[in-house]
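A.B. asks: What follows is the residue order along each chain.
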Amino acid sequence: MLPHRSRTAVLVFLLPPLLLYGIAVLVPIVQSLVLSFFSWDGITAMEFVGLDNYVRMLTRDDIFWTAFVNSLGYLAICLILQLGGALVVASLLIGLRRGRELVKTLYLLPAVISTVAIAFLFQRMYALEPVGLFNQALAAIGLDGLQRAWLSDVGTVLAAVSIPEGWRFTGLYMLIIYAALIAVPAELEEAARLDGASRWQLFTKIRFPYIRPVWITTTIMATTYALRGFDIPYLLTNGGPGQASELVTTYMYKTAFSHTDYGYASTISVFIVIECLVAVGLIIMLLRRRADA
Amino acid sequence: MSARRQRLDVHRALNTVAVALIVIVQVYPLAWLFLTALRTEQDFASSNPFSLPGEVTLDNFARAFETGNLGLNILNSLAVTMGANVLIVLLGMMAAYALEVLGFRLRGAVRAIFLVGIIVPVQIALVPLFIDYASVGLLDTHASMIVPLAGFALPMSIYLFSAFYHYIPGETYEAASLDGAGPYRIFGQITFPLSLNTIVTIVLVNSIFIWNDFIFANTFVLSDGLKTIPLGLQNYIGAMGNVDWTATFAAVCVTITPLMLVFLVLNKAMIQGLESGAAKG
Amino acid sequence: MNRIRGAAFAATTAAALLLAGCSGGGPGETDPTNVNPEGEIEAREISWLLSRPADGGVITTIEQIAADYAAEHPGFSLNLISTPDRPSYIQRLETLAAANELPELFDIDATPFAATLAEQGRMMDAEALLTDLGLYEDYRPAALNYQRFDDGSLHMIPFEFQVELFWYNTALLDGAGVQVPETLDDFPQLCRGLREAGITPIALDGQDQWPLERYMAYYPFRTSGNDFVRDLKRGEAQLDSEDGRAAVEWMASLGEAECFGEGFSSTGYADAQAAFTSGRAAVYNIGTWELANLATENLNAEVRDDVDYFTLPSTPGAVTGADEYVSPSGIGMAVNAATYDPLVRDFLAFALERYPALYAETGALSPTTTVETTIPDNATELYERAVAEADSVGELSAMPWDTQLDPTSNSRLQQELTLLVQGEITPEEFIATMDTTIAEHGTAAFE
Numbered sequence: 000m001l002p003h004r005s006r007t008a009v010l011v012f013l014l015p016p017l018l019l020y021g022i023a024v025l026v027p028i029v030q031s032l033v034l035s036f037f038s039w040d041g042i043t044a045m046e047f048v049g050l051d052n053y054v055r056m057l058t059r060d061d062i063f064w065t066a067f068v069n070s071l072g073y074l075a076i077c078l079i080l081q082l083g084g085a086l087v088v089a090s091l092l093i094g095l096r097r098g099r100e101l102v103k104t105l106y107l108l109p110a111v112i113s114t115v116a117i118a119f120l121f122q123r124m125y126a127l128e129p130v131g132l133f134n135q136a137l138a139a140i141g142l143d144g145l146q147r148a149w150l151s152d153v154g155t156v157l158a159a160v161s162i163p164e165g166w167r168f169t170g171l172y173m174l175i176i177y178a179a180l181i182a183v184p185a186e187l188e189e190a191a192r193l194d195g196a197s198r199w200q201l202f203t204k205i206r207f208p209y210i211r212p213v214w215i216t217t218t219i220m221a222t223t224y225a226l227r228g229f230d231i232p233y234l235l236t237n238g239g240p241g242q243a244s245e246l247v248t249t250y251m252y253k254t255a256f257s258h259t260d261y262g263y264a265s266t267i268s269v270f271i272v273i274e275c276l277v278a279v280g281l282i283i284m285l286l287r288r289r290a291d292a
Numbered sequence: 000m001s002a003r004r005q006r007l008d009v010h011r012a013l014n015t016v017a018v019a020l021i022v023i024v025q026v027y028p029l030a031w032l033f034l035t036a037l038r039t040e041q042d043f044a045s046s047n048p049f050s051l052p053g054e055v056t057l058d059n060f061a062r063a064f065e066t067g068n069l070g071l072n073i074l075n076s077l078a079v080t081m082g083a084n085v086l087i088v089l090l091g092m093m094a095a096y097a098l099e100v101l102g103f104r105l106r107g108a109v110r111a112i113f114l115v116g117i118i119v120p121v122q123i124a125l126v127p128l129f130i131d132y133a134s135v136g137l138l139d140t141h142a143s144m145i146v147p148l149a150g151f152a153l154p155m156s157i158y159l160f161s162a163f164y165h166y167i168p169g170e171t172y173e174a175a176s177l178d179g180a181g182p183y184r185i186f187g188q189i190t191f192p193l194s195l196n197t198i199v200t201i202v203l204v205n206s207i208f209i210w211n212d213f214i215f216a217n218t219f220v221l222s223d224g225l226k227t228i229p230l231g232l233q234n235y236i237g238a239m240g241n242v243d244w245t246a247t248f249a250a251v252c253v254t255i256t257p258l259m260l261v262f263l264v265l266n267k268a269m270i271q272g273l274e275s276g277a278a279k280g
Numbered sequence: 000m001n002r003i004r005g006a007a008f009a010a011t012t013a014a015a016l017l018l019a020g021c022s023g024g025g026p027g028e029t030d031p032t033n034v035n036p037e038g039e040i041e042a043r044e045i046s047w048l049l050s051r052p053a054d055g056g057v058i059t060t061i062e063q064i065a066a067d068y069a070a071e072h073p074g075f076s077l078n079l080i081s082t083p084d085r086p087s088y089i090q091r092l093e094t095l096a097a098a099n100e101l102p103e104l105f106d107i108d109a110t111p112f113a114a115t116l117a118e119q120g121r122m123m124d125a126e127a128l129l130t131d132l133g134l135y136e137d138y139r140p141a142a143l144n145y146q147r148f149d150d151g152s153l154h155m156i157p158f159e160f161q162v163e164l165f166w167y168n169t170a171l172l173d174g175a176g177v178q179v180p181e182t183l184d185d186f187p188q189l190c191r192g193l194r195e196a197g198i199t200p201i202a203l204d205g206q207d208q209w210p211l212e213r214y215m216a217y218y219p220f221r222t223s224g225n226d227f228v229r230d231l232k233r234g235e236a237q238l239d240s241e242d243g244r245a246a247v248e249w250m251a252s253l254g255e256a257e258c259f260g261e262g263f264s265s266t267g268y269a270d271a272q273a274a275f276t277s278g279r280a281a282v283y284n285i286g287t288w289e290l291a292n293l294a295t296e297n298l299n300a301e302v303r304d305d306v307d308y309f310t311l312p313s314t315p316g317a318v319t320g321a322d323e324y325v326s327p328s329g330i331g332m333a334v335n336a337a338t339y340d341p342l343v344r345d346f347l348a349f350a351l352e353r354y355p356a357l358y359a360e361t362g363a364l365s366p367t368t369t370v371e372t373t374i375p376d377n378a379t380e381l382y383e384r385a386v387a388e389a390d391s392v393g394e395l396s397a398m399p400w401d402t403q404l405d406p407t408s409n410s411r412l413q414q415e416l417t418l419l420v421q422g423e424i425t426p427e428e429f430i431a432t433m434d435t436t437i438a439e440h441g442t443a444a445f446e
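Same order as they appear, the protein sequences are chains A, B and C.
Read in order, the letters of the first sequence are residues 0 to 292 in numbering that gives the first Met the number 0.
Read in order, the letters of the second sequence are residues 0 to 280 in numbering that gives the first Met the number 0.
Read in order, the letters of the third sequence are residues 0 to 446 in numbering that gives the first Met the number 0.
In isolation and in its complexed conformation, chain A is listed as follows (with noise of 0.2 Å):
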């Protein structure tokens, strides 16, 4: 800390982002927490209705609940995509001797088209009249059998949604294990292979410990970034077929702009809100865990 610090200097540089902040998020949820307590539609008046939509959400909302575990699905997925991926191809990039430079960059292109593009690109890609891209590739591999229209299955269509999502950001969380991964100091690993460790040996027992800290950063980023997961749904499918696809921020925006229910809109956004905390403490244990080992 600067020796001659001041409550003035600490006041000029932190309220600017304090108010900002406050407007465009906080105020928000306050806002947000008020609504919903009330049933409006927006143009008519505001009614008190107490905790009505909160009983209403959890009791006898049958959407909401499938909604929510369908965003389980989604987060499960985009995590083991993007994490999963992502080491996979850092591990792969690490063998190889020339051009690395060039696949990171490649590999990162994906995250630059905008979510709609990419909504219109996988729905071609899963259709199977005009018969996209998955079916042919099954047919050309002789498994006619499995193809099907991935966005119609109410079977596969979470998996679906949930795949273009995970596909855009591997790179970017790629690249930060890739930077982790050549940290790795190249004496441990020496050591080990003269011991006789295998590959798998040498990465369950070398590297990945060694990156672990990074490992957490990444994973609490590509979860935040999956419990916001919208667009992708919302465009491909818009929660369809019937309700295998909604989640609940899916959901939640349709309260609001389609079902103009604005009061039960404010209480899942709510639930949300909350959800988030929880997802926050489960951050902040984690890296105290880290800070310990």
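Hints listed in this document are in silico derivations from the structure and should not be mistaken for laboratory results.
Computed far set for chain B versus chain C, every beta-carbon distance over 10 Å:
1. I23
2. F33
3. L69
4. R110
5. H141
6. I167
7. G179
Here chain A is said to cover these stretches of chain B; the calculated rule only asks that three of the stretch's residues, wherever they fall, bring their Cβ under 8 Å from a Cβ of chain A:
8. 125–134
9. 148–157
Distance ranges between label pairs, derived from CB positions:
10. B:E54 - C:A431: 49 to 57 Å
11. C:D305 - B:S134: 56 to 64 Å
12. A:V68 - C:A321: 46 to 54 Å
13. B:A108 - A:I140: 50 to 58 Å
14. C:T32 - A:V54: 41 to 49 Å
15. A:I93 - B:D178: 41 to 49 Å
16. B:P192 - A:G94: 36 to 44 Å
17. B:L77 - C:D345: 37 to 45 Å
18. A:R55 - B:Y27: 40 to 48 Å
19. B:D178 - A:L101: 44 to 52 Å
20. B:L71 - C:E41: 25 to 33 Å
Quick caveat: nothing in here was measured; it's all calculated off a predicted structure.
Note that beta-carbon positions come from the ideal geometry of N, C-alpha and C, so glycine has one too.
Once you've looked at the hints, dock chains B and C against the given chain A.
C.D. replies: Just chains B and C, lined up with the frame of chain A:
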């Protein structure tokens, strides 16, 4: 020895093939996007959408410029992206400086408050912000998009700057302090110049999100003159949901090009910033 | 700590104030039936928030008229703000209404939301306005009826007129040895026949939801007109009834017979149309707004001579006539009562008088009976027939359910319909879910 050598070579080859395959999966969609923009409508509707175009046409680009107002859309997106980035970088540095360098008693609490913003989904702000904007006359302005875009990106920016400032050795500041520099001069002369790499990283990552933002623009902007790119792309949707796909893809190509060029030019700095920020955990 | 508590308090107070500020959302002092207000015409910019394709006939015609009007009235301009994507449009409209920021003119369907706006006196009485302008009698009754609320009042002005037809490919039907269905109950048979011949029976844009929901409206419209949906949406009728059950089971039978293309729920508008125009699907249910693609030389030459259409088949004991089916006049235009003044009136008088002739020249059907549609040079014989069909349609128009039900019940219905037709749920489950949903939300929405 030679057997081991051979195994290593095979391994290397497999490795290269795997990387190549994965790169194809990553790049293919972009290639598809650009190829589709060059197809004729009939070609797109009837033939296999994944083959090479039967004949190449630039009509789609002509139609894209005719139907929409792409130039204006790009200008608006530029204005919003730059405005939001200035706020994100400047305010992010200031907050991180106060939290990490100056320090104060309640900084744990302030940090926790900012942490909330990292995970709260942006959708919760839509209804309240709309009401607030309407009451103060901010609807349908560039600011109406910039404020929430910057506000929600601010926590991550603060986090990255803080992580970086944490590693600036205390002696750097002490030396300056002994020379009689106050907190403002230190910020301007030491902290800011040191932050350049982190700034590039933050600007690039945020630009990707802001350039493509649909949800705030669609909620807060009404007049044609203020439409950003994602809203402009809606002009290609016709009656009852019909879409002129090839013109849409042409427009998409035009609109992602500026961002891609910036990205390709600056990606080294960005990758370095990400790697150095991340390796420290 | 004090500072934080202070900030939190300030935020809460501000929030409460802001919310209180707009909860009124109330009516102004304006009288929605005072269609001829006193005062001078003062030229200014007026805005029309609409949901129509940017290069479509309505917008190009209106732009032309507005330019003519501006030439006579310096200082006037018409700002057309179009959001063709309907869900995005509705979101925008509803938030603007909540913020009391609606422009002079805005597009809206005859939904419960619109009815609330009308009740609050925020939309001018269109019947009074058209009568005062001497234009009321010009309109096709079916075009006006489509815009009316349940109480018969009229608050929206139509700008188009369409009929929805079942286009079909005669060669594919002949090849499969099946006939055009005479009653709705013949549909499953038709589909099975086509499926056996390896043809997709019906091309359907399932992604946009409304096309499948149309099918849900057909059976009840034949058995009891629009009364069924009017009672159903209030919770006064149930799907668990003779009419309701018949409709649900018919939908399930369409699903069982695999009437719609595989993966229909993720098929978009353009793909569904391409399936029909490329000769892969045999039947395509769409309105006359697609005439330029289905009845002109724009249509793929391979199927051009094989395309024909039939109108909505009947049912045994139907109460509606064969010439009565879905004949929408598109999304209507409402006139904001709060900003209505001599200028708006004068411009509307100018525009509505010139509109039909100019619009009909684009090859489209005018909502009035005063002009004849210009048949384009490249039209096939079908174009003229379809236009004649529209001119002789009955006065009772089958109401699409998506404009009838409250929005919460409507989106549930759309979701459950897809599941029903895909065979994921049984008719019993469908009926139970929908009756419960409407009992909770429909009843409250139409109090």
